[in-house]
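Participant: For the protein sequence lines, the chains are A and B, in the order given. Per full-length UniProt numbering: the first sequence = residues 1 to 254. Per full-length UniProt numbering: the second sequence = residues 1 to 254.
Hints in this document: simulated from the structure, not taken from any laboratory. All figures in this text were calculated on a predicted structure; none of them were measured in a lab. Check each hint, because a few of them may be wrong.
Claimed, not checked - Straight-line Cα separation of at most 25 angstroms, PhoX-like style, residue types lysine-lysine; simulated pairs:
(1) B/Lys195 to B/Lys205
(2) B/Lys165 to B/Lys205
(3) A/Lys205 to A/Lys158
(4) B/Lys195 to A/Lys165
(5) A/Lys195 to A/Lys158
(6) B/Lys205 to A/Lys158
(7) A/Lys195 to A/Lys205
(8) B/Lys158 to B/Lys195
(9) A/Lys195 to B/Lys165
Stated by the list, open to error - Cβ-to-Cβ under 8 angstroms is the rule here; a few derived chain B residues that face chain A:
(10) Arg121
(11) His143
(12) Val184
(13) Thr245
(14) Phe246
What the hints assert, rightly or not - Example chain B residues on the side facing chain A (calculated, C-beta under 8 angstroms, incomplete):
(15) Phe85
(16) Val182
(17) Met188
(18) Ala193
(19) Ser243
Backbone N, C-alpha and C fix where the C-beta goes; we use that ideal spot for every residue, glycine too.
Listed here are the chains, written in short residue letters.
2 protein chains.
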Amino acid sequence: MAYVHGYAERESERLNDQAGALVELLHHDTAYPAGSRVLEAGCGVGAQTITLAANSPEAQITSIEISPQSLAVARERVTAPNVTFEQADLFSFRAEPFDHIFVCFVLEHLRDPYAALRRLRTLLRPGGTITVIEGDHGSAYFHPESDAANDAIDCLIKLQSGDAKIGRRLYPLVSEAGFGSVRVSPRMVYVDASKPELVDAFTLKTFTAMIEGVREPALAGGLIDADRFDRGIADLAATETFSYTFFKAVADRD
Amino acid sequence: MAYVHGYAERESERLNDQAGALVELLHHDTAYPAGSRVLEAGCGVGAQTITLAANSPEAQITSIEISPQSLAVARERVTAPNVTFEQADLFSFRAEPFDHIFVCFVLEHLRDPYAALRRLRTLLRPGGTITVIEGDHGSAYFHPESDAANDAIDCLIKLQSGDAKIGRRLYPLVSEAGFGSVRVSPRMVYVDASKPELVDAFTLKTFTAMIEGVREPALAGGLIDADRFDRGIADLAATETFSYTFFKAVADRD
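Construct all of the structure, not just a fragment, from the sequences and the given hints.
Facilitator: Rendered as structure tokens:
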């Protein structure tokens, strides 16, 4: 679906805003050494690739993406000399094992994230690391509370191919896929009126915009009626405080 | 209710475990200068008083508590020389204005937390600070998900006098009570199998035990049936990951 793969103009805008606001929170502790070979699996429109390349300027990054439309956007926006793009499905992609693998906002859209992790493990050299960052839409809560807003959020949870609440289960998922030394850390975004820029960048332009993005399929699928959905969006946009948590897992291939 | 005020033996044990596991997360950034006069409003059985006194050994702390039973426990367990206990209701307590006020796990049990904050403001000198730490039972989520566990948690949310989800609204609450420079920070506890001590101290002995504590009133009140409740408790105890967030507000009296 368009809202998932992110090649629609508006979606590119959203992912860009999201990456801008969250760069520090999500990426500050990821930097790969000079000369290391890094696979970014599922780079989408390159929103995370920019940061990845900037934080590891001496690493060689290979960013793969299944969607040619997304990849075209990524190629245009990412000018870092240490990134090579390749159109590929991670389940059939072949290469010499990498030193490190980076996966961000990808597993949450897959029907079988466990299989993806097993596959990625074969692309990692023994001793190499994997880093996985995912959201958890069930972690969103806010004040004032709103049943309509929760119903609108549930529409995205139901429509998302994959698991929209994958963040909370990264630990068992990565462990069971055979990786070792799994460490998961939550990255919570908390927004209130003392941080108007974050209200704008995260509550409105990232989270609320993402929910708004499923209005058409949610109405078409009979998941909710228009008034209820729009009320939910209005309530989200008017929240006085908003909380959301991303989860980041780092693990080794033993 | 006994489970709220904490003078039952088992509850004292629970609060003790909670304080032990969470001291660093909640208290590391609270220390009052030498000679300052600090009011701890609602000290309960003294679980937080111990840390407060240890982190501010040169401050003079007055800890008040409405329940004589709780206060008796607090007096016995807290031996710090810089703490004075007094049995008092914060709505009628009178004293010279304090330099700082500390309130932890109190507002969530009050019917009118706004009135309490307004009242506390009159006990604070201009330029003094107030620190408020509260939980938010609606912030709890876990893997695997369990409707029975959510139903059991809802029993506590319904039975708690006050607002069991007050954490998320501390910012507007403290602001509207007339304090200035309000800063709220979330303190998230995330637990998975890589931290077995935290599974035991927080998931089991703090959160699950707290929910278990309302079994009797929940069944007596017809909120849930016994099988469902016990299933919810078993599911909570078996979670592979568990997340909960406390909120800490610091503000000034202008």
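Participant: Each hint: holds or not?
Facilitator: Do the hints match the structure? See the list:
Proximity of B/Lys195 to B/Lys205 is assessed by CA-CA distance (about 14 angstroms); at most 25 angstroms being required, the pair is judged to hold. A distance of roughly 20 angstroms separates the Cα atoms of B/Lys165 and B/Lys205; the hinted pair therefore holds under the 25 angstroms criterion. Among the hinted pairs, A/Lys205 with A/Lys158 is consistent with the structure: their alpha-carbon atoms are about 21 angstroms apart, no more than 25 angstroms. Taking the CA atoms of B/Lys195 and A/Lys165, the gap is about 22 angstroms. The hint holds against a cut of 25 angstroms.
About 31 angstroms separates the Cα atoms of A/Lys195 and A/Lys158, which puts this hinted pair outside 25 angstroms; it is violated. Our distance criterion of 25 angstroms between C-alpha atoms is broken by B/Lys205 and A/Lys158, whose separation comes to about 34 angstroms. Annotation: proposed proximity of A/Lys195 to A/Lys205 holds, straight-line Cα distance about 14 angstroms (limit 25 angstroms). Of the pairs offered as hints, the one joining B/Lys158 and B/Lys195 is violated, with about 31 angstroms between alpha carbons and a cut-off of 25 angstroms exceeded.
Distance hint between A/Lys195 and B/Lys165 is fulfilled; the C-alpha atoms sit about 22 angstroms from each other, no more than 25 angstroms. A cut of 8 angstroms between beta carbons decides the hint on B/Arg121: the least distance to chain A is about 19 angstroms, and the hint is violated. The restraint placing B/His143 at the interface with chain A holds, with a minimum CB-CB distance near 4 angstroms, inside the 8 angstroms limit. Nearest Cβ of chain A to the Cβ of B/Val184: about 6 angstroms, under the 8 angstroms cut. The hint holds.
For B/Thr245, the interface hint holds, since its Cβ comes within 8 angstroms of a Cβ in chain A; the closest pair sits about 7 angstroms apart. Because the closest C-beta pair between B/Phe246 and chain A is about 11 angstroms apart, greater than 8 angstroms, the hint is violated. Because the smallest distance between the Cβ of B/Phe85 and any Cβ of chain A comes to about 34 angstroms, over 8 angstroms, the interface hint for this residue is violated. About 7 angstroms separates the beta-carbon of B/Val182 from the nearest beta-carbon of chain A, less than 8 angstroms, and the hint is met.
Restraint check, B/Met188 versus chain A: the minimum CB separation of about 5 angstroms is within 8 angstroms; hint holds. Because the beta carbon of B/Ala193 sits about 7 angstroms from the nearest beta carbon in chain A, less than 8 angstroms, this interface hint is met. Because the beta carbon of B/Ser243 sits about 7 angstroms from the nearest beta carbon in chain A, less than 8 angstroms, this interface hint is met.
Consistency with the previously given hints fails for numbers 5, 6, 8, 10, 14, 15, ordered from lowest to highest.
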